[in-house]
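Enquirer: As a plain string of letters, each chain reads:
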Amino acid sequence: MFVQNSGRIGNIQDVYKAQGLLMVVKYSLPDVMGFILSKRGPVQGEKDLRDIGKTIAERILMVWEPKSTDPVEVLNEIKKKFFSGKKVRGEVLERFGKAPSKILIHEKDCPVCPEKKGEELKVSQLHYCSAIAGFTEALLNHLVSTRQTLYSKATCKTVASVGSGDKECQMLIELKYGGD
Amino acid sequence: MVQKNLSFLRKLLGKLGKHYYWSKSRKMNLWMLSSMAYAVTKKYEEIYEGDTGFAVDTFTTHFVNGARSIMFEMQDRIRLLYSKSLKDLEFLAQTALFVILGPDWNKFLSEPTFIPAEKTKEGIPQFRITIPVCALCTGLRPGIDFNTAKLRRHTYGELLAAALASLLQAVQDYVGNDYNLEIKETKCILLGDSQGEAIVYFYPKEKK
Numbered sequence: 001m002f003v004q005n006s007g008r009i010g011n012i013q014d015v016y017k018a019q020g021l022l023m024v025v026k027y028s029l030p031d032v033m034g035f036i037l038s039k040r041g042p043v044q045g046e047k048d049l050r051d052i053g054k055t056i057a058e059r060i061l062m063v064w065e066p067k068s069t070d071p072v073e074v075l076n077e078i079k080k081k082f083f084s085g086k087k088v089r090g091e092v093l094e095r096f097g098k099a100p101s102k103i104l105i106h107e108k109d110c111p112v113c114p115e116k117k118g119e120e121l122k123v124s125q126l127h128y129c130s131a132i133a134g135f136t137e138a139l140l141n142h143l144v145s146t147r148q149t150l151y152s153k154a155t156c157k158t159v160a161s162v163g164s165g166d167k168e169c170q171m172l173i174e175l176k177y178g179g180d
Numbered sequence: 001m002v003q004k005n006l007s008f009l010r011k012l013l014g015k016l017g018k019h020y021y022w023s024k025s026r027k028m029n030l031w032m033l034s035s036m037a038y039a040v041t042k043k044y045e046e047i048y049e050g051d052t053g054f055a056v057d058t059f060t061t062h063f064v065n066g067a068r069s070i071m072f073e074m075q076d077r078i079r080l081l082y083s084k085s086l087k088d089l090e091f092l093a094q095t096a097l098f099v100i101l102g103p104d105w106n107k108f109l110s111e112p113t114f115i116p117a118e119k120t121k122e123g124i125p126q127f128r129i130t131i132p133v134c135a136l137c138t139g140l141r142p143g144i145d146f147n148t149a150k151l152r153r154h155t156y157g158e159l160l161a162a163a164l165a166s167l168l169q170a171v172q173d174y175v176g177n178d179y180n181l182e183i184k185e186t187k188c189i190l191l192g193d194s195q196g197e198a199i200v201y202f203y204p205k206e207k208k
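Chains as they are written, first to last, in our numbering: chain F, 1 to 180; chain C, 1 to 208.
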């Protein structure tokens, strides 16, 4: 039977072990962005993209967890495992004691944003790859609840996006420690 | 000049080309792709205030538009595999599926089959695509993750078959065959069938 004991269809591992063309996502997203923007406007649209990222994280966590709890390493694990992409660079902006409390992620190989000029979404209020911030935030907070992370809460926000006309994609990760 | 049938040489070039293209192209994990499709469709469902059918239909349209854009970009290379023969569409469809899903494509879809008009009940040429493992429906809980009773024109796992139908239509238009293609999903794993199945119908265009 194709519905497993868990009540879920099929075997997730079959799909998890397979690959697809990244272009499929990149070429479908302009329509998705246009639709969300037209229906929701830029403010709610950005929230929607973050929600989409959170839902994706829930599904990914069904089959995979990062080895590290360090946010930059987590992102690089994701890039390697799911997108065969180049590493991101993390720039520590602030620290809480010795631990980083504010990290700016520099992404020059965004798996979501268009690669070609002229395909950018000309809406500066909405960051094209905001879903990645929602995804990362959900993943890091999952680690907080399931592992002994130094930080007690993670907040992620996309602050620049190639798909919205910026030179590179940037995400700000804020980490809280203890009850501060 | 459009060929009547694909020559051996062109098929050989197609076979070599798909391997080369896959080896050079950037890939992503298929579970990630499936999760993205699910997350976007659920958001559309929220935007349409719980109307799952509209959500699935809208996302299918957006996905097919994306697939068309890929075809547009690749058309100079894939035109080599165009011919007027409907039978040759089997080869073209297999090549396209290889390009999208790599060498493991037939774990997810069986080899697409062309059925000539004389062998169908309706007397309409058909193209059958079966889906033993649906990358989109895998992991879903029927009735929980999607309310299947609310589906309308498209079923959830129809995306890839719909994109393939769009490619077949583009080929028919290019080679000058007068067909309007329509896709119908006849079996769906999410709806309880043991495998998915989509049939593309080649309706002759009405002469004006």
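Hint data in this document are derived by calculation from the structure and do not stem from the laboratory. Hints should not be assumed to be uniformly reliable.
Mimicking EDC-like on lysine to aspartate or glutamate, the simulated pairs with C-alpha atoms at most 20 Å apart in a straight line are [said to hold, decoys possible]: (1) F/K54 <-> C/E46; (2) F/K17 <-> C/D104; (3) F/K39 <-> C/D51; (4) C/K42 <-> F/D51; (5) C/K27 <-> F/D166; (6) C/K184 <-> C/E46; (7) F/K80 <-> F/E65; (8) F/K102 <-> F/E73; (9) F/K39 <-> C/E49; (10) C/K107 <-> F/D14; (11) F/K81 <-> C/E49.
Where chain C lies over chain F, by a calculated footprint (3+ residues, C-beta under 8 Å) [claimed, not checked]: (12) 41-52; (13) 158-172.
Given the structure is predicted, the values throughout are model-derived calculations rather than measurements. From the three backbone atoms N, C-alpha and C, an ideal C-beta is built for every residue, glycine too.
Enquirer: Each hint: holds or not?
Expert: Against the structure, the hints:
{"no.": "1", "hint": "F/K54 <-> C/E46", "verdict": "holds (15 Å)"}
{"no.": "2", "hint": "F/K17 <-> C/D104", "verdict": "holds (10 Å)"}
{"no.": "3", "hint": "F/K39 <-> C/D51", "verdict": "holds (15 Å)"}
{"no.": "4", "hint": "C/K42 <-> F/D51", "verdict": "holds (10 Å)"}
{"no.": "5", "hint": "C/K27 <-> F/D166", "verdict": "violated (24 Å)"}
{"no.": "6", "hint": "C/K184 <-> C/E46", "verdict": "violated (26 Å)"}
{"no.": "7", "hint": "F/K80 <-> F/E65", "verdict": "holds (13 Å)"}
{"no.": "8", "hint": "F/K102 <-> F/E73", "verdict": "holds (15 Å)"}
{"no.": "9", "hint": "F/K39 <-> C/E49", "verdict": "holds (12 Å)"}
{"no.": "10", "hint": "C/K107 <-> F/D14", "verdict": "holds (9 Å)"}
{"no.": "11", "hint": "F/K81 <-> C/E49", "verdict": "violated (35 Å)"}
{"no.": "12", "hint": "41-52", "verdict": "holds (count 3)"}
{"no.": "13", "hint": "158-172", "verdict": "violated (count 0)"}
The structure does not agree with the numbered hints 5, 6, 11 and 13 stated previously, though it agrees with the rest.
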